[in-house]
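Asks: If you read the sequences in order, they're chains X and R.
Just so you know, we're using our numbering here: the first sequence kicks off at 1 and counts up by one.
Just so you know, we're using our numbering here: the second sequence kicks off at 1 and counts up by one.
These are calculated hints, taken from the structure and not from any lab test.
Be aware that one or more of the hints could be misleading.
To be verified - Just the calculated beta-carbon pair ranges, DEER-fashion:
hint	chain 1	residue 1	chain 2	residue 2	range
1	X	I180	R	P294	41 to 47 Å
2	X	D295	R	A67	33 to 39 Å
3	X	S279	R	A177	47 to 53 Å
4	X	P294	R	G190	37 to 43 Å
5	R	E173	X	A342	42 to 48 Å
6	R	Q328	X	A356	50 to 56 Å
7	R	A389	X	A342	45 to 51 Å
For glycine and all other residues, C-beta sits at the position ideal for the given N, C-alpha and C.
Number of protein chains: 2
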Amino acid sequence: MDLPAVVQQPPMMKQLHDAAPGDDAGLLGQRIMAHARVLSAHTETAGMMTRTYLTAAHHGAAAQLSAWMQEAGMQVRRDAAGNVIGRYEGNVAGAPALITGSHFDTVRNGGIYDGNLGVLLPIASIAQWHAQGKRFDHAIEVIGFAEEEGVRFKATLLGSRAVAGTFDQRVLENQDAAGISMRAAIDGAGLGFSSTDIPAAAYRPEQVLGFVEVHIEQGPVLLDAGLALGVVTAISGASRFLIEISGVAGHAGTVPMALRQDAAMAAAEIGLYIERRCSGSAGLVGTVGQFDIPDGAANVVPGRARFSIDIRASDDAVRAAAVDDVLQAITGIAARRRVQAAIRKTHEAPGVPCAAWLQQRWEQAVRRCGFPLYHLPSGAGHDAMAMAAITDVAMLFVRCGNGGISHNPLETMSAQDAAAAAQVFSALVEHFEVSA
Amino acid sequence: MDLPAVVQQPPMMKQLHDAAPGDDAGLLGQRIMAHARVLSAHTETAGMMTRTYLTAAHHGAAAQLSAWMQEAGMQVRRDAAGNVIGRYEGNVAGAPALITGSHFDTVRNGGIYDGNLGVLLPIASIAQWHAQGKRFDHAIEVIGFAEEEGVRFKATLLGSRAVAGTFDQRVLENQDAAGISMRAAIDGAGLGFSSTDIPAAAYRPEQVLGFVEVHIEQGPVLLDAGLALGVVTAISGASRFLIEISGVAGHAGTVPMALRQDAAMAAAEIGLYIERRCSGSAGLVGTVGQFDIPDGAANVVPGRARFSIDIRASDDAVRAAAVDDVLQAITGIAARRRVQAAIRKTHEAPGVPCAAWLQQRWEQAVRRCGFPLYHLPSGAGHDAMAMAAITDVAMLFVRCGNGGISHNPLETMSAQDAAAAAQVFSALVEHFEVSA
Numbered sequence: 001m002d003l004p005a006v007v008q009q010p011p012m013m014k015q016l017h018d019a020a021p022g023d024d025a026g027l028l029g030q031r032i033m034a035h036a037r038v039l040s041a042h043t044e045t046a047g048m049m050t051r052t053y054l055t056a057a058h059h060g061a062a063a064q065l066s067a068w069m070q071e072a073g074m075q076v077r078r079d080a081a082g083n084v085i086g087r088y089e090g091n092v093a094g095a096p097a098l099i100t101g102s103h104f105d106t107v108r109n110g111g112i113y114d115g116n117l118g119v120l121l122p123i124a125s126i127a128q129w130h131a132q133g134k135r136f137d138h139a140i141e142v143i144g145f146a147e148e149e150g151v152r153f154k155a156t157l158l159g160s161r162a163v164a165g166t167f168d169q170r171v172l173e174n175q176d177a178a179g180i181s182m183r184a185a186i187d188g189a190g191l192g193f194s195s196t197d198i199p200a201a202a203y204r205p206e207q208v209l210g211f212v213e214v215h216i217e218q219g220p221v222l223l224d225a226g227l228a229l230g231v232v233t234a235i236s237g238a239s240r241f242l243i244e245i246s247g248v249a250g251h252a253g254t255v256p257m258a259l260r261q262d263a264a265m266a267a268a269e270i271g272l273y274i275e276r277r278c279s280g281s282a283g284l285v286g287t288v289g290q291f292d293i294p295d296g297a298a299n300v301v302p303g304r305a306r307f308s309i310d311i312r313a314s315d316d317a318v319r320a321a322a323v324d325d326v327l328q329a330i331t332g333i334a335a336r337r338r339v340q341a342a343i344r345k346t347h348e349a350p351g352v353p354c355a356a357w358l359q360q361r362w363e364q365a366v367r368r369c370g371f372p373l374y375h376l377p378s379g380a381g382h383d384a385m386a387m388a389a390i391t392d393v394a395m396l397f398v399r400c401g402n403g404g405i406s407h408n409p410l411e412t413m414s415a416q417d418a419a420a421a422a423q424v425f426s427a428l429v430e431h432f433e434v435s436a
Numbered sequence: 001m002d003l004p005a006v007v008q009q010p011p012m013m014k015q016l017h018d019a020a021p022g023d024d025a026g027l028l029g030q031r032i033m034a035h036a037r038v039l040s041a042h043t044e045t046a047g048m049m050t051r052t053y054l055t056a057a058h059h060g061a062a063a064q065l066s067a068w069m070q071e072a073g074m075q076v077r078r079d080a081a082g083n084v085i086g087r088y089e090g091n092v093a094g095a096p097a098l099i100t101g102s103h104f105d106t107v108r109n110g111g112i113y114d115g116n117l118g119v120l121l122p123i124a125s126i127a128q129w130h131a132q133g134k135r136f137d138h139a140i141e142v143i144g145f146a147e148e149e150g151v152r153f154k155a156t157l158l159g160s161r162a163v164a165g166t167f168d169q170r171v172l173e174n175q176d177a178a179g180i181s182m183r184a185a186i187d188g189a190g191l192g193f194s195s196t197d198i199p200a201a202a203y204r205p206e207q208v209l210g211f212v213e214v215h216i217e218q219g220p221v222l223l224d225a226g227l228a229l230g231v232v233t234a235i236s237g238a239s240r241f242l243i244e245i246s247g248v249a250g251h252a253g254t255v256p257m258a259l260r261q262d263a264a265m266a267a268a269e270i271g272l273y274i275e276r277r278c279s280g281s282a283g284l285v286g287t288v289g290q291f292d293i294p295d296g297a298a299n300v301v302p303g304r305a306r307f308s309i310d311i312r313a314s315d316d317a318v319r320a321a322a323v324d325d326v327l328q329a330i331t332g333i334a335a336r337r338r339v340q341a342a343i344r345k346t347h348e349a350p351g352v353p354c355a356a357w358l359q360q361r362w363e364q365a366v367r368r369c370g371f372p373l374y375h376l377p378s379g380a381g382h383d384a385m386a387m388a389a390i391t392d393v394a395m396l397f398v399r400c401g402n403g404g405i406s407h408n409p410l411e412t413m414s415a416q417d418a419a420a421a422a423q424v425f426s427a428l429v430e431h432f433e434v435s436a
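All chains, full assembly: derive it from the sequences and hints.
Replies: Below, the structure is given as structure tokens:
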């Protein structure tokens, strides 16, 4: 991420304060913001928000979350993956639970709301119900997922995959930068479990009514639309490729334009095709995030160029069609320019639709609270993606300030927006009905 | 340079052997090729052609050139810049001289004809005249310029600038990779001069009738045209820039296409504009030789992109117009895409036209030998560029095989083409008339 460039830009701050929640909600918003600040003290590097899996900072945050959950009237436990799980019992003990939550690990030098918001917000709502002595026919479980970002062990969604029963045992052998394996880190974490207990952390589907996740948007869509909240339609699927173009290097002064086989200009043309092809289609995005000319020199016509392609769409068919067109364009451009293109697929993940009935619960809650209804896809991955393996999922996005930047210390969110989200979450829980 | 890519490409070898010089010329061609091979043994790294300024390999090559010059009946001297100068006296001692020559330093891992050809070829012709007892009204001086490429001390054209009287004293303080200054290298070279004698190495204009240089083309134009030889019209002027685009970094999944300020796509669009603008205009070329996204990641919309621009043309007005259009396009593209473009000019050199009367001498000689007449500009710099400060200059290019590649061990030239060039050089000298 590029801090100076972002600072230089005027943030796209339209109507940041248009959400006007009531007094109760206002207090919830203040409390969420205060807790986010307190929790951010649990960091590996002072002055930065860095909290990776099973470090001292991570354990400190887990202890703080447990304490707040207990204060809010929840029974708290941890599991073998290090997740922090609070259960707010229903009117009948042992009732199936509506699960909510998000991750409390962070990227290096990231923001304090990414993930954490989705844990702190339901704790605040539950604390209010607890103070009022209010319970529901269903239980509510709040899970602080121990790991989503994949920073320390280069494997993502560890916490939610453990809960969903899709934890991949092979990643236990992954090592961090110091050569410590994930297995050793878990076994030595003092969780009261060993890494071999992870499969037992999986929920049974009949215990679960559904999974709802509140998350900061991490993009500029709500900010640009002037809205505090949006209901997520799907978590986009993604296709990634690395492309290497081989042309013919030559002297920048002596090879006439018509005789060139310039690898970089072929790559540039492909990049602009991707941009054009992915524009104008809702929920579809295409990015060339890496581009270089190996051993490039100002006075040499590039013989090689390398670049990455990342294509995402909420609809898998839309993504597949875009990928097909891009691959066909690469072939055509390479042939016309007499260069070779080596194409390597590096990643492919299908989209995860949010369940229609559970989206409706968010929609009803948004309307009930008097906010405008807005839908958007999630281009980033979230714990809900893993939870979809065991239950229906749906998400609520909260406006991301400062141009929509995230994974960056400039990530920000207003107390008003946090309050609006808490109000809507409370409305969803208070009027929750399972799909017929 | 990209060896594998070049090797994979079929070389554009059209009619490599169409030149069919007579028996005498054939012998000259064989001799030039043999001498180029012998001289290539003077290298810093066995198996590679690397001969930088005032190294042991460089001194060895100078001694070998001196020996061949002496055998050819020349008086040989060195000057304070390390140039090797052979004089083939005219019918009257002390007559003004037609000067020819080129450089005998090389790039690292370069070709054996680049520069060296322009020294070895006139020595071969003169050796033949010497054997025949033939002299002319004018003297002929062959200069093996000690330094042109600028590899060791990051300063180019040292030898020809010393002869032309335009040697920049400040570069004496430049240091090589080992921290040795150029001044110390010259003072310790055993040349019989110190670096303070360099100004005295300059010729007086009245000693000189003109400067003609034979050089391998270092490009694919003659190869593509199926011709052994071409008369150079001008050495192109060049403008170079480094451009840094600042946009806004963002998440590749969460920032919709319409809200992006993608620095790399702006750079790609500018690159393609440069390519288009510089195509279709004879003698004009434009190159983006460097392109990178600092800290780029596959899943991040680029917030920054950097690239180089190199624009050259034989006609300065053509180059200036292209540069103006490109700079205007950068401004327009940056504004439309809401990114900033920082533009830094890194180099600006005017073109050096070859003198019309001296071009005519080459043309007459080409016709006399029965070769087709062909003109082309030189996109690369040559010693003739520096010599233009003291006298009129003109050049003859010799076809470069293997796709036109140079500054590379794959650089190649046929004995037939060397013979053709020697035949034309001999014809030029034998019928030389100074401009009226």
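Asks: For each hint, tell me whether it holds in the structure or not.
Replies: Hints and how they fare:
1. X/I180 to R/P294: 41 to 47 Å: violated (31 Å)
2. X/D295 to R/A67: 33 to 39 Å: This hint holds: roughly 38 Å between Cβ atoms.
3. X/S279 to R/A177: 47 to 53 Å: holds (48 Å)
4. X/P294 to R/G190: 37 to 43 Å: With Cβ atoms ~41 Å apart, the hint holds.
5. R/E173 to X/A342: 42 to 48 Å: holds (46 Å)
6. R/Q328 to X/A356: 50 to 56 Å: holds (52 Å)
7. R/A389 to X/A342: 45 to 51 Å: holds (48 Å)
Checked against the numbered hints listed earlier, the structure breaks hint 1 alone; every other hint is satisfied.
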